[in-house]
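J.: Next come the chains, spelled out residue by residue.
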Amino acid sequence: MMSETTYLRRKWFNRLMLGLSSTAAGLAILILGLILGYTLARGIGALNLDFLTQAAKPVGEVGGGMRNEIFGTLILIGLGSIIAIPVGLMSGMFLAEFASPKVASAVRFAADILAGVPSIVVGVFAYAIVVQPLHSYSALSAGVALAIIMIPVIARTAEESLKLVPNSMREAALALGISRWRAVVGVIVPGAMTGIVTGIMLGVARIAGETAPLLFTALGSQFGVQGLLNPIGALPLQIYNYALSPYPDWQQQAWAGAFLLIMLVLGISILVRWISSRRNNRPVIRNVKRSNKNDNDIRFG
Amino acid sequence: MVPVKRENKWRTNRFAHIVDKLFPNMTLVFALVIVAILVGLIIVLNTDAIPAFSKFGFSFISSTSWDPVKENFGALPAIFGTLLSSFIGLVIAVPISLGAAIFLVEIAPTWLRGPASLIIEMLAAIPSVIIGLWGLFVLVPFVRSPIESWLGDKLGFFPFFQGPPFGVGFLAAGMILAIMVIPIITAVSRDAIRAVPDQQREAMLAVGATRWEMIRRAVLPYCRSGLVGGVILGLGRALGETMAVTMVIGNSYQLKASLFSPGATIASKIASEFSEASGGAFTGSLIELALILFAVTLLVNVVARVLLWRMTSVKGSSE
Numbered sequence: 001m002m003s004e005t006t007y008l009r010r011k012w013f014n015r016l017m018l019g020l021s022s023t024a025a026g027l028a029i030l031i032l033g034l035i036l037g038y039t040l041a042r043g044i045g046a047l048n049l050d051f052l053t054q055a056a057k058p059v060g061e062v063g064g065g066m067r068n069e070i071f072g073t074l075i076l077i078g079l080g081s082i083i084a085i086p087v088g089l090m091s092g093m094f095l096a097e098f099a100s101p102k103v104a105s106a107v108r109f110a111a112d113i114l115a116g117v118p119s120i121v122v123g124v125f126a127y128a129i130v131v132q133p134l135h136s137y138s139a140l141s142a143g144v145a146l147a148i149i150m151i152p153v154i155a156r157t158a159e160e161s162l163k164l165v166p167n168s169m170r171e172a173a174l175a176l177g178i179s180r181w182r183a184v185v186g187v188i189v190p191g192a193m194t195g196i197v198t199g200i201m202l203g204v205a206r207i208a209g210e211t212a213p214l215l216f217t218a219l220g221s222q223f224g225v226q227g228l229l230n231p232i233g234a235l236p237l238q239i240y241n242y243a244l245s246p247y248p249d250w251q252q253q254a255w256a257g258a259f260l261l262i263m264l265v266l267g268i269s270i271l272v273r274w275i276s277s278r279r280n281n282r283p284v285i286r287n288v289k290r291s292n293k294n295d296n297d298i299r300f301g
Numbered sequence: 302m303v304p305v306k307r308e309n310k311w312r313t314n315r316f317a318h319i320v321d322k323l324f325p326n327m328t329l330v331f332a333l334v335i336v337a338i339l340v341g342l343i344i345v346l347n348t349d350a351i352p353a354f355s356k357f358g359f360s361f362i363s364s365t366s367w368d369p370v371k372e373n374f375g376a377l378p379a380i381f382g383t384l385l386s387s388f389i390g391l392v393i394a395v396p397i398s399l400g401a402a403i404f405l406v407e408i409a410p411t412w413l414r415g416p417a418s419l420i421i422e423m424l425a426a427i428p429s430v431i432i433g434l435w436g437l438f439v440l441v442p443f444v445r446s447p448i449e450s451w452l453g454d455k456l457g458f459f460p461f462f463q464g465p466p467f468g469v470g471f472l473a474a475g476m477i478l479a480i481m482v483i484p485i486i487t488a489v490s491r492d493a494i495r496a497v498p499d500q501q502r503e504a505m506l507a508v509g510a511t512r513w514e515m516i517r518r519a520v521l522p523y524c525r526s527g528l529v530g531g532v533i534l535g536l537g538r539a540l541g542e543t544m545a546v547t548m549v550i551g552n553s554y555q556l557k558a559s560l561f562s563p564g565a566t567i568a569s570k571i572a573s574e575f576s577e578a579s580g581g582a583f584t585g586s587l588i589e590l591a592l593i594l595f596a597v598t599l600l601v602n603v604v605a606r607v608l609l610w611r612m613t614s615v616k617g618s619s620e
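Chains as they are written, first to last, in the numbering used here: chain E, 1 to 301; chain V, 302 to 620.
The hints are simulated quantities; they were obtained by calculation from the structure and are not laboratory data. Incorrect hints may have been included.
What follows is a set of in silico ranges between Cβ atoms, one per label pair, in the way DEER data are often shown [unchecked claim]:
1) Tyr7(E) <-> Glu503(V): 20 to 26 Å
2) Ile82(E) <-> Gly581(V): 32 to 38 Å
3) Pro522(V) <-> Ala175(E): 46 to 52 Å
4) Ala504(V) <-> Tyr7(E): 18 to 24 Å
5) Ala55(E) <-> Phe316(V): 51 to 57 Å
6) Ser136(E) <-> Gly341(V): 16 to 22 Å
7) Val103(E) <-> Ala558(V): 46 to 52 Å
8) Arg278(E) <-> Ile420(V): 16 to 22 Å
9) Val330(V) <-> Phe13(E): 58 to 64 Å
Once the Cα atoms are required to be at most 30 Å apart in a straight line, the calculated DSBU-like pairs of lysine-lysine come out as [to be verified]:
10) Lys356(V) <-> Lys371(V)
11) Lys557(V) <-> Lys455(V)
12) Lys163(E) <-> Lys322(V)
13) Lys371(V) <-> Lys557(V)
14) Lys102(E) <-> Lys163(E)
15) Lys102(E) <-> Lys322(V)
Sample of chain E residues lacking proximity to chain V, with all beta carbon distances greater than 10 Å (derived) [as the list claims (entries may be wrong)]:
16) Asn48
17) Thr53
18) Gln54
19) Gly63
20) Ser221
21) Gly227
22) Asn230
Using N, Cα and C, we set each Cβ at its ideal position, and we do this for glycine too.
For reference, chain E alone in the conformation it holds in the complex (with noise of 0.2 Å):
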């Protein structure tokens, strides 16, 4: 039989540790409110007309914006994007659809391993094989670090959705006698667009913010933007600067930089979300009826 102080003690152990966790997750979504509600705040106040149609301006002079480096960031992401798409969408098909076991592991492996590289190595090496080998630090080499980065991503999430496309779906094509990869990329792709498409935001949001690897790469420009094979100013690399600076008024640019920044990232994020959670709710895409025979259907339990 257990005594009553044992029995005290045990509860009020109980109690303490369960507060303890509560305190914990509490913490922890205190320090994204005083991240978020610091940015927001300062950011906003910061942020005006002149800091998104105006070119920086050289020191000592008040005033000038970002419009450049804005516009810079929309280049880049495009650039990272053209190259990251095809190729994390054919290795998505190929991993989902065509792959055996063997290869599609060692090709998985690799990319989860290309997904845990540190970015800043990621910016040497497109240093190395493509600023050194063409004398310049230019957008196009920020768009290659930038595209190392995002395609494992969106592989992965392509290959996720695609293997989510029940397995009938895949029969009726090929028994309605099209070719193989007729029935893969006019039906099952198709199928699965929502969950590439998701990938793709994701991948756009994760490199949205990237800074490291455009240190020496896109390098930053006065001009404006030059071509592709011209330095260029992104909005991450102006932030750090600003930041770095003594200037009161440099620093608050960074402010409202960063107030745009993370409203990007923050809505893809959340768009992305809504997008997912509403394919979750929804059990029949395309009057097809899910079967829930493979693990990889456990999202629709």
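Take the given structure of chain E and dock chain V to it, following the hints.
T.: Quick look at chain V alone, frame taken from chain E:
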């Protein structure tokens, strides 16, 4: 579903047949691009580090000097700084993340689980440079005083709480890293804890355990490898984290045991000097630093993957 046009039967078939043969190989080529990038990364880092390696050999790792004028470089302070800041980060992040994961699975009312998870995961989406900006203007002054002045006052007899409170330094970098790895460790641990079958919990409660005793003895040991995997995944992220750390660590290349001291990590050293490096042994040394960082994170990530893979594959048995 696919509009099949009426065409010449033979032509269509032959064309379809050729594409059918080609298409899988085309996807294979694209998949091999991923492997090629990884292999290329390894080769390029190795060959480009040769100028430094041939000059310094293995003393590169143990040397503490960094002198671009005399072209004499060593990695020890950067390696030390990387390990120390990541260690501080994990010491702070692991208890918070584990607690948060336990809360999300075992304690929180059902309606709160989704939103709370979402909020913590949002933290992972905030770009590093913004966390660094916040760290520089909000966290660093807070670390300077009250945290560092208080620690120096009360615990100054320990060597690692000595020295002037700059604000920027290992402590600030560790705290920033903690913020950045909490979402990862929390998410992985949450999934690991959620994967524990309910029979484990019911059996423990049935013999009269309190809720905490159940978590401590029936849930956490069951998903141990998943929890460790999550922590190691967090470590991998912390080791390679660049921007936020560069902004708050103070970028001073020295070997000091004090947490208050400014320092540098491998990533921050590369970030702050690579574009100014003048080629030869200087650039080579920075690339060798990148190679070291790559090798360490590779190892850490492989270990984490293996642990997490084991977790999913032994789900059925009672380990």
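J.: List in ascending order the numbers of the hints, as given earlier, that are violated by the structure.
T.: none
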